[in-house]
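Chains as they are written, first to last, in my numbering: chain P, 119 to 424; chain G, 1019 to 1367.
By construction, these hints were calculated from the structure, which means they are not laboratory data. Treat the hints with care, as some may be off.
[As the list claims (entries may be wrong)] Computed spacing ranges between beta-carbons, pair by pair:
#: 1; chain 1: P; residue 1: Arg293; chain 2: G; residue 2: Gly1217; range: 37 to 43 Å
#: 2; chain 1: G; residue 1: Lys1216; chain 2: P; residue 2: Leu179; range: 56 to 62 Å
#: 3; chain 1: G; residue 1: Ala1358; chain 2: P; residue 2: Thr249; range: 40 to 46 Å
#: 4; chain 1: G; residue 1: Phe1364; chain 2: P; residue 2: Leu179; range: 27 to 33 Å
#: 5; chain 1: G; residue 1: Gly1051; chain 2: P; residue 2: Val136; range: 52 to 58 Å
#: 6; chain 1: P; residue 1: Leu179; chain 2: G; residue 2: Ala1354; range: 18 to 24 Å
#: 7; chain 1: G; residue 1: Ala1287; chain 2: P; residue 2: Gly331; range: 32 to 38 Å
[What the hints assert, rightly or not] Chain P residues, not near chain G, derived (Cβ > 10 Å throughout):
#: 8; residue: Leu144
#: 9; residue: Asp381
#: 10; residue: Leu386
[To be verified] Selected chain P positions facing chain G (in silico; Cβ < 7 Å):
#: 11; residue: Glu170
#: 12; residue: Thr177
#: 13; residue: Trp187
#: 14; residue: Arg192
#: 15; residue: Arg195
#: 16; residue: Ser196
#: 17; residue: Leu202
#: 18; residue: Ser204
#: 19; residue: Ser206
#: 20; residue: Leu219
#: 21; residue: Ser222
#: 22; residue: Tyr223
#: 23; residue: Arg227
#: 24; residue: Ile248
#: 25; residue: Leu250
None of the values given here were measured: they were computed from a predicted structure. Where a beta carbon is used, it is the ideal one built from N, C-alpha and C, also for glycine.
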Amino acid sequence: MSELALRVRGLRKQYPKVLAVDGLDLEVFRGEVFGLLGPNGAGKTTTLEIVEGLTPPDTGLIELLGLDWRHHGREIRSRIGVQLQSTSLFNKITPKEALDLYGSYYPKRRSTAELLDLVQLQEKASAYHITLSGGQQQRLAIALALVNDPELVFLDEPTTGLDPQARRSVWDVIRHMKAEGRTVILTTHYMEEAEALCDRLAIMDHGRILTTGTPLELIQQLELPSVVEFAFDGEAPDPTGFAAKLGQPVERRGDLWEIPTRDPKGLLPCLLEFAELEHVPFEQVHVRRATLEDVFLHRTGRSLRE
Amino acid sequence: MLLRQFLMEWKLFSRDRAAMFWTFLFPLLLLLGFGVIFRSQGPALTLVWSIPAQPSRADAELEQALAGTPLKLLKLSPEEAEARWKRGETAAQIEREGDAFRIRVNSYLVAQGQSAAQIAQQAHLMATARQSGVELKLLPMTLESPGHAHATNYAAFLLPGLIGLNLLSVGLFSVGMVNVAYREKGKFRRLAVTPLPKGIFLGGQVLHRLTVVILQTLVMLVVGRLVFGIANQGSYLALAFVITLGTASFMAMGFALCSFTKTTETYGAVSNVVFMPMMFLSGVYFTLDAAPKWLQQSVVVLPLSPYIKALRGIFNDGAALMDHLGGLAVVVAWGAIFFAVAVRRFKWT
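All chains should be modelled from the sequences, with the hints used to inform the complete structure.
If you want it as structure tokens, here you go:
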């Protein structure tokens, strides 16, 4: 049995106006939770769609669980679980009926009661889909992705649009999947989610993988592993002029200026002096370790949620 | 698997109140409503008579001549008559012009006006002839349908039309619109990542729509029978055959049309462009016998018009399938074209 749950080589997909996937390589090991991060339009969803067999690639090799779409489509479909970005169900189907129905499409299936239990929808088992909250609908979508006891699960933005509590309960379900030995490939917009859940991550932009590694590895790879923050009272002013004079990039984020650096100890005194000289009306200064968010910013030049 | 898919379609359909209403109740309401409204001949035709304060001998003669007709006479002074005419309430008016009479017909109410005018003309001619010693006689006239049944029953005319219209709307909306929505909302994509063969999904859908049509038709037939005493004059086998054929053709139409649009909004517009003219020009509610020849000839090539003609022929007039071979061939041809287009173009994503 192959060690790899997913192997992608030289994947390419050209749409009429945009090169969505540009020679992408990816390897995901069995049993790991793998996160695919990237700004909107980076090609994450197209990549997932190709891998899930929804969209044919122009060129490239894809192996899921050692199988090839061209020869084993049916078997692959039986062994993977997919939660699409928006799972559309009938308004008036109940979770129990939906799980029974989708379960009936597979040769091997988990019991509906067990799945309802797993995603904590026992009490809503007979409620119409349209009456469920966003979090409940999302948990049902995830339960549907598990209906065939899949070895490999794809989750496309499983927690987007959920409140913090609903997000936590989805996280628990994903952790449970890992504990059961499933491989999980997910996309997300949330860095804390990636840090909390993922064994390994890939950051992608413009249809390519920019870097891959564990969250810690990615942070340690940064050339500028520390960040000095100026906090303002309210919206931070435009830092362009200040950055030009300082001779170092300054990022504005909400009520913060962020100045990434390799040497906070050396930078801080002259930074403060310079800010005084320029009459920068900041309130507080913090120095912190870089996070995945900074890795992302550094790699793509964009904020994740832009 | 097919059975399960089929049963689930029914289960969800039965929970959709709007769909239930449009599918089962609305056609019935149309049948009951129009059937009752047009059951009788309508109100008596009214002829307004603009008559001066001092009637002449000619007026008296005219009154006598009109007395034997079914016309309802409304005698008004010239001023009142003119005021009523201006309000647009008068369909036909008779008035003096010099020594003679003349008739005015309201161009907005041609149907009533012309009938009233013609009756008045006949009465006047007969009276004139009688004065010269000639007794004119009208030929006996009866209203009869081609199959000699249900001649004066508008509901009987309407019923096959509504059944045909139902098929068109099942194709355009229950198939076309529904599948555009499934595609747009990603339901197809969710199915595409499961090992369910697509044929099973579509098969379940087709079977469900077919049974809906059968049930819908049965309900209409039973209500038609109980309320209006309308009975099928043809063979039930021929009727079942024609309905199955129509279901197949119009469902193929839905599958074909839904492959051309991406969003339900666009599809809504497209389907109405197809639905509206077909509904009004295909003889559902009335025939086009008063319309220009070119229009009558061109609607024959649309599938609904010959279809309803065949259905009406069999159901109302006891015609055989062979009598409507040409029209049914048009329906089959359209079905085949739509099917080919659907097979070529239908997309899941």
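Hints versus structure:
no., hint, in the structure
1, P:Arg293 with G:Gly1217: 37 to 43 Å, "holds (39 Å)"
2, G:Lys1216 with P:Leu179: 56 to 62 Å, "violated (26 Å)"
3, G:Ala1358 with P:Thr249: 40 to 46 Å, "holds (42 Å)"
4, G:Phe1364 with P:Leu179: 27 to 33 Å, "holds (29 Å)"
5, G:Gly1051 with P:Val136: 52 to 58 Å, "holds (55 Å)"
6, P:Leu179 with G:Ala1354: 18 to 24 Å, "violated (42 Å)"
7, G:Ala1287 with P:Gly331: 32 to 38 Å, "violated (51 Å)"
8, Leu144, "holds (19 Å)"
9, Asp381, "holds (50 Å)"
10, Leu386, "holds (51 Å)"
11, Glu170, "holds (5 Å)"
12, Thr177, "violated (20 Å)"
13, Trp187, "violated (12 Å)"
14, Arg192, "holds (5 Å)"
15, Arg195, "holds (4 Å)"
16, Ser196, "holds (5 Å)"
17, Leu202, "holds (6 Å)"
18, Ser204, "holds (6 Å)"
19, Ser206, "holds (4 Å)"
20, Leu219, "holds (6 Å)"
21, Ser222, "holds (6 Å)"
22, Tyr223, "holds (4 Å)"
23, Arg227, "violated (11 Å)"
24, Ile248, "violated (11 Å)"
25, Leu250, "violated (15 Å)"
Consistency note: the structure conflicts with the earlier hints numbered 2, 6, 7, 12, 13, 23, 24, 25.
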